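Asks: Residue-level listing of the chains:
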Amino acid sequence: MPIYFKTNDIVVPGDIIAEGNYTIEQGAYRLGRKIIAEYLGIVYIRENKIRVVPLEGSYYPKVGDKVIGKIVDYSIVSWSVDINAPYYARLDANDYLSKPIDPSKVDIRSILDVGDVVYAEIIVADRASNVQLAANKRGLGKLEGGILIHVTPKKIPRILGKNRSMINMIKEITNSKIIAGNNGYIWIKAKDRYIENIVVEAIKKIERESHVPGLTERIRDFIQKQMNLKGGKNESKKE
Amino acid sequence: MNQKKNEEIILMDENGIRSDGRRWDELRPLRMEVGVLKRPAGSALVEMGKTKVLAAVYGPKEIHPKHLTLPDKAILRVAYRMSTFSVEERKKPQPSRREIELSKVIKEALEPAILLDFFPRTAIEIYILVLQADGGTRTASINAASLALADAGIPMKGLVSSVAIGRIGDSIIVDLNDLEDKYGDADIPMAMIPITGEFTLLQMDGIVPPDMFEKCLDIGYKTILKIHEEQKRTLRERYLKIKEEVMSNKKPRREQR
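Chains A and B, in that order, are what the protein sequence lines are. Position 90 of the first sequence, counted from 1, bears residue number 90 in the numbering used here, the numbering being contiguous throughout. Counting the second sequence from 1 gives a position; the numbering used here is that position plus 1000.
This is chain A alone, in the form it adopts within the complex:
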């Protein structure tokens, strides 16, 4: 059972990763005895399991994902939400408020208007029907203030880190609120614009360098250096 790549190598579509009885976990297909990559991505081989994690790609909705969406349209009892996927998602008013609304008394736009940003969970997404959201759980709902940025959705797991270690580290050092939706939108709110910019730069750095080992250390150094620069600035102002 020959293997032609090793863990952490970059593969392109059509690369023969291995031949023989391996289990494909993700991102590859079988042609005869050959196992061939489908994506431009990084290959992981553990025992006889093969996984190709794509480096690029758009978001495709999946039930249970938590996403950040922008309201783009409204009807009497629901909103249309742009979740950076091929289709708009639908958010019913009773899945947002946890109770039905009376459209004759309440204007839906007074609750959420076009342009507002919500953090919601995907409750329905299959190949036949449209995507439905719900935002009635703890921690979900409208996001106010802060800034919204966009990264390649495939890099979100790297931004979160193992057991959310990366994002927690960034939050801790910069003392900011960060919500990363599975769809590639990231919402950041910090004490001031300068810190928000540091977080944005750090996230862009993760996106760019996610395939290079030693990422967490580099990001920690980067943020600490930037924060020290800011500290220096404040002191000089006081003087």
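Simulated from the structure, these hints should not be mistaken for lab results. It is possible that some hints are incorrect.
Reference listing, derived: stretches of chain A covered by chain B, where coverage requires no fewer than 3 residues with Cβ under 8 Å from a Cβ of chain B [to be verified]: (1) 6-17; (2) 42-56; (3) 208-219.
Predicted model only: the values in this text are computed from it and were never measured. Just so you know, even glycine gets a beta-carbon here, dropped at the ideal spot from N, CA and C.
Model the placement of chain B on the given structure of chain A, informed by the hints.
Replies: What follows is chain B alone, placed relative to chain A:
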């Protein structure tokens, strides 16, 4: 036969050297780059000699008009366009018959390689712009489009690679330029998915004897493999470059600017 058309044009001299100094089996200088555009999901620039082609991939996204939607897979849309300044005499900007036909041919060359059933009810759009034309724009377009698709993270069976094989008199030539395309005896553009061995494009303009045609296919396959290697290298290199940069220079990026 060529002499009759234009006496001054010599496509191949006694030593077997072609009009631009190449031997029969030599490719034109090949240059490929991915991620050249910011807005699209994926993009690529391919230069084969003087032919320069830019490809951009958008999507998967919602289909308009809605009735074109397929319930089980994505549709592929390809727009091949030549810029007005790409040829010697200004090309009229409206889409010509040739451009519409080439869009279809390129679409059919790429379709078998893309795993379209991953994205039901969506469209994947490819825009191809010829910046400079010197023969072989359809083959360069296919090479560029397949790079752009991989750059966009769209799942594929394998990259599609393409080249044109031709004939001048008794000799077979590889990767035709404009002159050889116009005054040569035959032009066979072909594309294939090297990993599965499928031909996805095979056209012929001119006359080739049957035994020579078989030979053309063989030579085409060998040449396509060369282009395929270059495509793979280009895709990998982009990430390896960042890796090298980061590993060799541990300073924060701010100071490098």
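Asks: All hints, please: hold or fail.
Replies: Outcome of the hint check:
Coverage of the region 6-17 of chain A by chain B holds [criterion: at least 3 residues with CB-CB distance below 8 Å; count 6]. A count of 3 residues in the region 42-56 of chain A with a Cβ less than 8 Å from any Cβ of chain B is obtained; the coverage claim is therefore met, three being the minimum. Using a Cβ-Cβ cut-off of 8 Å, 5 residues of the region 208-219 of chain A lie near chain B, which meets the minimum of three, so the contact claim holds.
This entry satisfies every hint, going by the numbered hints stated previously.
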